[in-house]
Structure formats: structure tokens, C-alpha cells
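Read top to bottom, the protein sequences are chains A and B. The first sequence runs 0 to 383 under numbering that gives the first Met the number 0. The second sequence runs 0 to 322 under numbering that gives the first Met the number 0.
Hints are computed from structural coordinates only; laboratory data are not their basis. From a predicted model like this one, the values you see are computed outputs, not experimental measurements. Treat the hints with care, since some could be wrong.
[To be verified] Pairs of lysine to any residue residues, derived as SDA-like cross-links and limited to a Cα-Cα distance of at most 25 Å, are as follows:
id, chain 1, residue 1, chain 2, residue 2
1, A, Lys170, A, Thr159
2, A, Lys220, B, Phe287
3, B, Lys59, A, Asp122
[Stated by the list, open to error] Restraint ranges, calculated between C-beta atoms of paired labels, are given here:
id, chain 1, residue 1, chain 2, residue 2, range
4, B, Thr158, A, Gly169, 27 to 35 Å
5, B, Gly160, A, Thr172, 20 to 28 Å
6, A, Ser296, B, Thr285, 38 to 46 Å
7, B, Gly67, A, Ser296, 22 to 30 Å
8, A, Gly109, B, Thr285, 14 to 22 Å
Glycine residues also receive a C-beta, built at the ideal position from the N, C-alpha and C atoms.
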Amino acid sequence: MRICVTVTDSDLQGAPSLIRSLPVNARFAASLSIVTSLAVLTACGGSESSTSDSAGAVASSSSVDLNGAGATFPYPIYLKWFSNYAEQTGVKINYGSVGSGAGIRQLSEGTVDFGASDGPMSDEELAAAKGGPVMHFPSVLGAVVITYNLPDVTVPLTLTGEIIGDIFLGKITKWNDPRIAAENSGVTLPAQDILVVHRSDGSGTTYIFTDYLTAVSAAWKAGPGKGKSVSWPVGLGGKGNEGVSGSVKQTPGTIGYVELAYAKQNRLPSARVKNASGAAVEPTIESITAAAEGAMSQLGKDSDYRVSIVNAAGASAYPISSFTWLLVYQNQADGVKGKKLVDFMRWMYGAGQQSAASLDYAPLPSALATQLADRLSTIQGVPK
Amino acid sequence: MEGVAAPAVSGPSDAAGIEGSSTGDRIYRVVTFLCAVSIPLLLGFIALEIIIGAWPALSKFGFSFLTGSTWDVGAGEFGAAPMIYGTVVSSVLALLLATPFALGVAIFLSEFAPPWLRQPVAFLVDLLAAIPSVVYGLWGIFVLLPILRESVMPFLATTLGLGATPLFSGPAYGNSMLAAAIILAIMVLPYISAVSREVLMAVPRAQREAALALGATRWEMIRDAVVPYARSGIIGGIILGLGRALGETMAVTMLIGNRAELSASLFAPGYTLASVIANEFAEASTEFHTAALMACGAVLLGVTLLVNMLARWLVGRVGRDGR
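If we strip away everything but chain A, and leave its shape as in the complex, we get:
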């Protein structure tokens, strides 16, 4: 809440006696609150518009057909899908980008029609869901980019999973460490300290990144492990992608991680990362989709799709890639809403996937999208 301090002259009459008796705080707070409303209209007006992001998410709730909540990571593409879908069909879908954890909680409580998460729900979370079994539907692919600030290095650095793990563990502390140099022959690396920047807020981006480190580094697995918030051994915390990239952009010698869409739109340098087959791969829409293709063998018809695709097989697969999921109850309590939801998701696996790349999200492999669209028919309680 914002308080603007303004005191009118009339407040001052007899002020010394009043103020020296007890209620200094109380009295002042009262006079402040009087002017708050006025101040909000004038000087504080700016803050109103800055919150339009969250205000937009709850707008026009009266005419909304479906409500969802969850991950912030896919928020831009979901917003685009929902608005495109509303234009084409008139079905209005409202999405609150409140974070995956809150999305899972709201779905479990049944306060939303669908949830969204960057990490799959745990078995305990699935058991706690009040509306019965929850199905995971991958909606689109995202990736995490390793970005850094080395002004004199002009070609993209190449890093391996072990090196990234040891940098974020604080075991590699200099940019000219022989192990980094070995991967980057021909690049002059400065004898500078490495400063690690990570996310301070719990986030799906952190989940994907630490999931990857857990997969490629035994020391990381034994240490911080994976999660939306972990206990970072070294470094600074920045709030949001903009907090991390702000620190990295300004400070020479820093390394951090941000989501692909953010890195591309802000033209951040990104490292090429060696994947499971030993190829150094740049993060692109194609290399991320390739990661999902590499993981197709785990995604048979009876899969529950709670799979991680970090460090996936395939020569062109970018290794720090991940699904983001829509969470849907298998038994829809409200057939009308269920039908709308299934129809939307069928659209999402068709036309929706084609528009993903325009916002720097990678579309699912087409075979997988078809398979998932077929899986929609296993949702119960929906009129056929």
C-alpha cells in the first residue's frame, strides 16, 4: 500500500500538546490516511497502471467461461492463446499467473477449472487433490538459457553440465579455469572471478534449471537438489528474470540463468550447452522441440506425462528444456465447463501450437501433439 505524506495546515493547530501526549503515531496515521485517497488520484496514480498485469488477469470475471491459475513462465503464450481462442469461438478463459505452487493449490481446492505448473505435481499433491485424479497435459515447451557478462568474449561460450554445476556450486571460481578453457579453445577468457546470479523468488525457471543440474551433476544432486526455491551455495538472488538479467547485464564476470523467451527478447548472450550426445547446442525453438522428440520414447500412450526432458537424447536437443503442463481433473464435475475445456485444449494442440514460436516458446513435436489431443477423450464427464 502506498501512503503519500501530506499534512495540511489545519492539522497543525495545537499539534505540540497533542503530539507530546501519547498518540503520535496514531494521530499522524489518521491524518495520513485522509490524504491517501487524494494522493492516489494524483501522485500515486502511476502505481495503478503498473499493476495492470494482475488486474488484467481478473478482468471481466462475470462473463468468463473458464478459470485457470498457475505458472507464470507460460503466461505470455497462454494469454495469447486465450485471446485468440476467444476471438474465434467467443469462449472466454481467464488465467491468473499466480505461480505454479499457487496454481496447484487452487486446483486441489477446486477453486479453478484448470491449473498450470512448470513442475509436475508430486504424488502427495496428486493424492491431496479434492476433485479426484489429476491429469498432466504438456501444453508447450520452454527452456532455460545460461547468460553471462564477459565484454571481451564475442563468440558464444560452450559449457558442459558438469561445469555449469560446479560454477553454481562455487567450485569453479575463475573464468579462465582450465576446464572452461578446455571447452572453449581459441577464446581468451579473463582471469576474473565468476559471480553467480540466481533467482530469489520461487520459480519454474529455477525448477527446470536445478532439475537439469540434478540430472548432470552428482554433487548438485547430493547438495542443493531440485526445486522451485533451493538453497544456493553461492551467489546473489535477483527477483524475476528481470532481476537476474539486470544484475548480469551490469556486472562484468556474472553468470545467470533466464528463460528463453526473456533472453531472446532482451538479446542476452547465451551459452551453448553440451547435450547428452556431446554436441554443443544453442538454445533455439528447433533445438528445444528436438529435446521433446528425444524424450518421445518415454512418452508412450500409457504415460502420465509427468516426465522431465532435461538432458534428453538426440544430437540436436538443447538439454535445459522442459514441458509446462496444464492440470486437469480426469472426472469433470461440470460437463458444460468440461466440454469447453476439452475443446480449447484440442484447439491448443492444433492451431495453438503453430503460434507458440512467435512468442519464443517451442511447439510440441507434432506426433506428441496428436497423441495428446487423442488423450483428451479419456477425460470423463464430458458430453461427447
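Let chain A serve as the given structure and place chain B on it in line with the hints.
Using the frame of chain A, we list chain B on its own:
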């Protein structure tokens, strides 16, 4: 002092005198009574809700929640000592930085400034309080941090040779306890200066004239007659600032570095209770994690109440000993 105490005592008895004189008064009295009672009730309700939410964490960790310095979500280990330390240190440091400056502004505006300058400057200082927290945070990231990193911190550490002391040691990242304290100082300055200014301007003219008549210089008049007269009001302003500083979230989160580690150095990143809640609440997935964050909220509430009670006691004491 007697002249001051009198109205405070006569207030309630005046009210008693007109009590029951008409139905309108009675209704008015009931309505205002309900308003007044609703505030403590609301506060109690909030405190109760927070404590119920925090109970799983509080009952498991007990006192070690306050003293433990490990905050590891993955391992389910939660100790809030670094956050408590960061909250208190950043706020106190902010007050130390802001108070002299705010008093300088207030004294200039009330004693020296010509009338044509007084209103605009007062307005501009007050306007500082109208800037949204997130804007302070962004300004901090793009303006304050580079200055700290490239000029202020190297200057303190090497030029002044303070780098050998634990307070100013370590690498200069920018994001630090110092950065948080500076942004907080700027944010609480208008609160302290506005209250101080109004209190100083309300010091009776006779007080000033008497001091001058006794041969005091202008500086002596301000130091010995005006400021002591307004002292408890000024402390009230400082408490208001402290309250803001303890609870401030957004700007601090963007600048403090968010590391749950106890460090004596002001150059080192820190964490505050409000920041950890803002950072982790939305994505808290385990029930225990949520409870630990609620417990942080309870601790923040406790720290704020404690500090305010202490300050209230201080105001009372200064008021009595003042003259």
C-alpha cells in the same frame, strides 16, 4: 509540561459531561466506539490467522526457528535468523542514514527557508513518499547499484582503508545490505522530515522569542529551545519511518541480494523477513514451506510490535525528561 497534560486529562471528562444528551450523540458514540474496537479486533484476528498458518513450522522448530540460520527448502530446514538480522539491521541503518538528513531538511524548512521556497521544497520531499516501491527498486538496480559497485564501495574499502574491517569487507557486488539500507533511507526520509517539519513549525513563537531575548544566537535558539520542545514529536516521526522500513518489501527485495546468510559485512548480500515471503510464497509447494513463510510473517509482526513498543516507551521517557 503541566499545560500539556491538562487537555489530555480534560478530554474524556468533557465527553462524559455531554454524554447522553441526545439520541444522536448516543448513536454517534456507539458508532465511533465500534470503529475504535474493530481495529484491535482486526489486528488480533490477523495475528491469530498467521499463527494458525504458521503452527506446523513453529511447533516443529520452536525457538530454533528464530536462532537457526539454515534456510533450505529442499531439506525442509527453516531458520529465520538471517532474515531477522537483515530486517533489523537494514531498518536501523536506514534510520541512521535518514534521520540527520531528514532533520536537516525539516529545520531548514521550518527555520530558514523563505516562504516562497518552503512550500515547493516541502512538496517535493513529500512526493518521495508517493513514488511506488517497485520504481525505487528499478532505480536502485539501474542507478544506485552501479554507483555503489564502481565508486562508493571501492572508495570505502580501499581509499579509506575500511576494507580490513569486517563491516566493509568482501567483494563489491552492489546488491548488499548497504544498498538496501540506502534505498530504505530514501524511502523513509519523507516520513521523518514531514512529521519533524510540522512539529517544528508548531513550536510556539513565544518559545523562540524568549530564547532570542535571552541573547541566544539563531543556532542556539534552534538547538536549545526549538528542537527539545519538538523532540518527542520528532521521535514519533522516526518511529513512523522505522515502521515503514521494517515492512518495506519490493525495493529491498530487488536490492538486498536475497541470501539467507549471516554476515557482518555491509557489502554482503542479506535477506529480510518481508523479502523471503514475497519471494517464495507464490511457489511454495510443500505445506511445511508455506507454514515456515507464515511463521516469518508472525515474526515480522512480532518484531514490528516489539520495536514500536520500545519506541513508544522511549517517547514517553523523552517526553518526561525533556524539560
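- Could you tell me which of the numbered hints above are not met by this structure, giving the numbers in increasing order? When the structure is compared with the hints, numbers 6 and 7 turn out to be violated.
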